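S.K.: Following the hints, position chain B against chain A.
Residue numbers (this note's numbering), protein chains in the order written: chain A, 1 to 307; chain B, 308 to 591.
The set of hints was computed from the structure by calculation and includes no laboratory data.
Predicted model only: the values in this text are computed from it and were never measured.
Note that the Cβ used here is the ideal one computed from N, Cα and C, for glycine as well.
Keep in mind that the hints are not guaranteed to be accurate.
[Claimed, not checked] Simulated coverage check for chain B against chain A, where a stretch passes if three residues somewhere in it have a Cβ under 8 Å from a Cβ of chain A:
no.	stretch
1	471-479
2	486-498
[As the list claims (entries may be wrong)] Calculated lysine to aspartate or glutamate pairs in the EDC-like style (CA-CA distance at most 20 Å, straight line):
no.	chain 1	residue 1	chain 2	residue 2
3	A	Lys154	B	Asp476
4	A	Lys168	A	Glu223
5	A	Lys148	A	Asp235
6	B	Lys405	A	Asp110
7	A	Lys72	A	Asp110
8	A	Lys168	A	Asp134
9	A	Lys154	A	Glu178
10	A	Lys148	B	Asp476
11	A	Lys194	A	Asp158
[Said to hold, decoys possible] Away from chain B, derived, C-beta distances all over 12 Å, residues of chain A:
no.	residue
12	Ser54
13	Ala71
14	Arg132
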Amino acid sequence: MIHEPRRADSNVAGGSDAGRRLSEGGLNLKPSGRVHVPDSLDAGSPGRAVGEASVADPVFSCRDVSVFYGAKQALKGVTIDVARRQVLAAIGPSGCGKSTFLRCLNRMNDTIPGARVTGTITLDGRDIYSKRQDVAQLRARIGMVFQKPNPFPKSIYDNVAYGPRIHKLTRSRTDLDELVFTSLARAGLWDEVKDRLGSLAIGLSGGQQQRLCIARALAVQPEVILMDEPCSALDPIATAHVEDLIEQLRASYAIVIVTHSMQQAARVSQRTAYFYMGQLIEVGDTDRVFTNPQHRLTEDYITGRFG
Amino acid sequence: MKRRAVRKSVNVLALGLSALMTAIGLIFLGAILWTLVKDGVAGMSAAVFTQNTPPPGTASGGLLNAIYGSAIMTVLGILIGAPIGILAGTYLAEYGRKSALSSVIRFINDVLLSAPSIIIGLFVYELVVVPMGNFSAISGAIALAIIAMPVIVRTTEDMLNLVPQGMKDASTAMGAYPWRTITSIAYPAARSGMVTGLLLAVARISGETAPLLFTALNNQFWSTSLKAPMANLPVVIFQFALSPYANWQQLAWAGALLITFAILVLSIIARVAVSRLGPGAARK
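The shape of chain A in the complex, shown without the other chains (with noise of 0.2 Å):
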């Protein structure tokens, strides 16, 4: 993230306001000059977002959270329910907290050394913060799928088999057979690879490979699906056989995926979640985010106003 204060340009801007902020500093303009100023960032009850940031019956709620990285926010008192069945978004500039915040939610950060959670998060009603939580066994509740396809360097079908072997999930190899296939048919991908099983799952292609990790996501039977950018690599094709995927899933799985493309924000969610310098700034219904933004901040980054 480039923090680059600039001259304001007061008439677009907005008045000495505007001037007096972005001498603090710590604003993402773009070089193109045009100038915007958040106008109501810190202003209100801090951490409060705009729009509707709880469902009924939520698969997650957060409440409160922040992320640190030694000194570093990363993630500033975020408040927000993730419902069933449905896909939510998380859209923003680099460096807004998105990635961070899926990350809380299957307790990767705590791989980082020196970064600290502090708030509460709930999977079913049961905080996955509580001590006697063990992560192991609440990441198995939750796939994830990253940015980079990173399947295993072993066979297709072992990449898929990976979680159920480690979770001891099925009893027989029948069973076994069984549940890849049906991963591997989820996802899309039985009919392009079912004669190679047993090669390498990097002979695969960016857009297979990408589609093999979700498979392999899914052999584990998680209830929760995160996606950190998952089409970021993949090319339009590809990113539309992924996103089809999504729609099915969607039937079954609550799916959270952070996405840099607003397009695919639209395409593939059913609620919208704006993130801006650590803070929610607002979150709702993704046809009403995009059509009628209640925060100034969400107009102008969907707008293309800056981001």
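M.R.: Below, chain B without anything else, positioned relative to chain A:
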């Protein structure tokens, strides 16, 4: 125009000098190998592999006990050194990546890596030979293990660090405990490199003389006891090469050729293993 001519001649000069120095290096290497092969092949005979080292003043004799001793102590040394080295390297790469303890271990390991092997011989002499009361094969194996260890620690750590973090993260995110991620994901991905490291360690210790002088010493007779002194190629070469007997000197050459050849074969196996075992998941 003139400048270009100057540059050109400087280039020719630099190129010529590098080529010359390379040639000088290669000439020495070639001379060594040539002498080794010439005298070594001359010293080769079936007796080398069937008879024990001869006493002074007798004709013929072989290296059987020394070959056996070298093989046993090298294998034992690796069996002792490899688990420690691999586990320590795993700790450095995976568990204690950034801890203060790791940097201390890493530093000490680097020191150990370049420590003169005679010091390790003396160390094991004090630690094992003196309390035991006599030279022994096991103390030789321990000395070789200590020499092999830092090599294995280093290659293990380096190879594990080459495994993409994303791959390990994927395993962690699926709910795998660290030991599972390491054994099921990181080791297979780093396998070819780790095997190469092990073979390099074997090559390194199979030619070591100094640490064995203080530990296994030598044995003129056939002995398989780990508690007794044991013959081994490096020390036999050292002794026989300095002796006044022609047949001893010939055997020394034969032994030297054997070690060199064994290391050559190991290196080739290592290369093949790299290309066979891992298609390079760790290198992607």
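S.K.: Indicate, hint by hint, whether the structure satisfies it.
M.R.: Hints and how they fare:
With 7 residues bearing a CB less than 8 Å from a CB of chain A, the stretch 471-479 of chain B meets the requirement of three and the coverage assertion stands. Three residues within the 8 Å Cβ limit are the bar, and the stretch 486-498 of chain B against chain A gives 5, so the coverage statement holds. With a CA separation close to 16 Å, the supplied pair Lys154 (chain A) and Asp476 (chain B) stays within the 20 Å bound. Between Lys168 (chain A) and Glu223 (chain A), the direct Cα distance comes to roughly 17 Å. Compliance with the 20 Å bound is thereby established for this hinted pair.
For the proposed pair Lys148 (chain A) and Asp235 (chain A), the alpha carbon gap of about 13 Å is at most 20 Å, so the pair holds. At most 20 Å may separate the alpha-carbon atoms for a hinted pair to count; Lys405 (chain B) and Asp110 (chain A) meet this at roughly 15 Å. Straight-line distance between C-alpha atoms of Lys72 (chain A) and Asp110 (chain A) comes to about 16 Å, which keeps the hinted pair within the 20 Å bound. A hinted pair counts as satisfied when its Cα atoms are at most 20 Å apart, and Lys168 (chain A) with Asp134 (chain A) qualifies at roughly 16 Å.
Proximity of Lys154 (chain A) to Glu178 (chain A) is assessed by CA-CA distance (about 19 Å); at most 20 Å being required, the pair is judged to hold. With a CA separation close to 11 Å, the supplied pair Lys148 (chain A) and Asp476 (chain B) stays within the 20 Å bound. The straight-line distance between the Cα atoms of Lys194 (chain A) and Asp158 (chain A) is roughly 13 Å, inside the 20 Å bound, and the hint therefore holds. The non-interface label for Ser54 (chain A) is consistent with chain B: the shortest C-beta to C-beta separation is roughly 27 Å, beyond 12 Å.
The non-interface label for Ala71 (chain A) is consistent with chain B: the shortest C-beta to C-beta separation is roughly 17 Å, beyond 12 Å. In this structure Arg132 (chain A) is separated from chain B by more than 12 Å, as the shortest Cβ-Cβ distance comes to about 16 Å.
Violated hints for the displayed structure: none, as all numbered hints are satisfied.
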